[in-house]
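Enquirer: Chain order of the listed sequences is A and B.
Residue numbering for the first sequence follows our numbering, beginning at 1 and increasing consecutively.
Residue numbering for the second sequence follows our numbering, beginning at 1 and increasing consecutively.
Note that these hints are calculated values from the structure, not bench results.
You may find that some hints are simply not true.
If you only want the chain B side, here are some residues facing chain A, beta carbon under 7 Å, derived [said to hold, decoys possible]:
id : residue
1  : Ser110
2  : Ser126
3  : Ala161
4  : Phe167
Quick caveat, the model's predicted, so the values are computed rather than measured.
Backbone N, C-alpha and C define an ideal beta-carbon position, used for all residues, glycine too.
Single-letter residue listing:
There are 2 protein chains.
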Amino acid sequence: MPTRNLIGKDPDQRVKRSRETVIRTTLELLTEAGLGGISVDEIARRSGVAKTTIYRHWPTRSELVIDACSQIGAEQETPDTGDFEGDLITLLTNLAELLSTARWSSVVPSIVDAAERDNSLAEIHSRIQRDHAAPLRTVIERAVQKGEIPKNTDRSTMIAALLGPLFYRRWFSREPLDAAFVKGIVQNTIGT
Amino acid sequence: MPTRNLIGKDPDQRVKRSRETVIRTTLELLTEAGLGGISVDEIARRSGVAKTTIYRHWPTRSELVIDACSQIGAEQETPDTGDFEGDLITLLTNLAELLSTARWSSVVPSIVDAAERDNSLAEIHSRIQRDHAAPLRTVIERAVQKGEIPKNTDRSTMIAALLGPLFYRRWFSREPLDAAFVKGIVQNTIGT
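Make a model of the complete structure from these sequences and hints.
Expert: Below, the structure written as structure tokens:
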């Protein structure tokens with residue numbers, strides 16, 4: 001993520017720390033109360049960072065939220081188990097675990113919601129989404145190169161077929177994301 | 001939906017009309033501003049229905065929102081094209097169209113978000129979700145009975161495999177829900 005709001009190219013530790021505190025506080029408030037519960041007043045109060053300092057780094061609440069959101073979600077490693085099915089099981093099992101336990105998973109709906117009414121947030125959210133799908137994309141490309149799946153595989157449809165069902169269970173039907181489910185989705189998608 | 005907030009068993013037309021006005025206004029505000037933008041004050045102002053009347057029908061904002069939300073989403077017909085693939089294409093094409101155009105589709109994220117922090121809303125949201133999947137469930141059961149798919153098909157995984165990818169594109173990756181995508185998801189799921 002470009003740290004476009006940093007003051008200068010080599011900000012001192014104090015500036016860096018207060019930025020980190022503000023971002024962490026913003027994420028905490030997002031988790032507790034969703035985007036509707038976020039105000040710069042409350043972030044200043046809780047973080048102990050002055051409102052003027054916050055506004056110097058992020059001229060609007062939206063920019064702060066976008067900055068905080070772009071740091072949401074753990075980086076996923078790209079697995080290399082030796083075969084496509086194994087890689088997918090590893091990736092999706094890891095994702096299922098994150099969806100069930102990681103704090104950001106309860107923040108996501110509030111970003112999705114705000115993105116309905118805020119184009120810049122919608123854009124950054126789509127970008128975060130694509131970034132998060134990068135390891136999956138790598139695994140798919142490798143399978144194509146190794147001839148495990150056809151060259152003309154529609155990558156984007158395959159990604160939706162793999163991630164969509166997990167998101168559906170986490171945020172819509174609220175059913176468990178267990179190992180049997182992950183295996184079912186992977187086998188469904190690769191046709192074993 | 002049980003109209004448990006109705007006063008008496010045979011409410012007169014005036015009560016019915018003012019209830020409908022309040023629900024319609026609530027849905028309008030949900031669409032425009034999300035759940036965060038909803039207050040009973042604002043609903044009273046815009047609907048012209050007195051706050052005291054609103055509170056008589058719905059003692060809390062949450063109950064009103066739940067009532068409004070439970071009326072979200074068009075009833076889908078259960079198709080009967082003669083074969084499983086045709087039924088699924090019909091159902092999912094219809095859903096893709098609704099997700100792209102229907103007003104409730106921009107309200108859903110705000111319910112999903114609120115459900116993260118409100119158990120009664122989470123419960124009603126899961127129920128709405130199951131209700132909406134009913135035609136799909138019927139189509140799957142019919143295919144099992146006709147021997148088009150195995151008796152031991154995991155219905156719930158299949159529903160997630162069919163609906164999840166559409167939800168993923170609508171609310172997460174924001175990619176188009178076109179005919180090729182719907183066909184890809186259906187063929188992926190039924191293995192043709």
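Enquirer: Does each hint hold? Answer for all of them.
Expert: Hint check:
no.	hint	verdict
1	Ser110	holds (5 Å)
2	Ser126	holds (5 Å)
3	Ala161	holds (5 Å)
4	Phe167	holds (6 Å)
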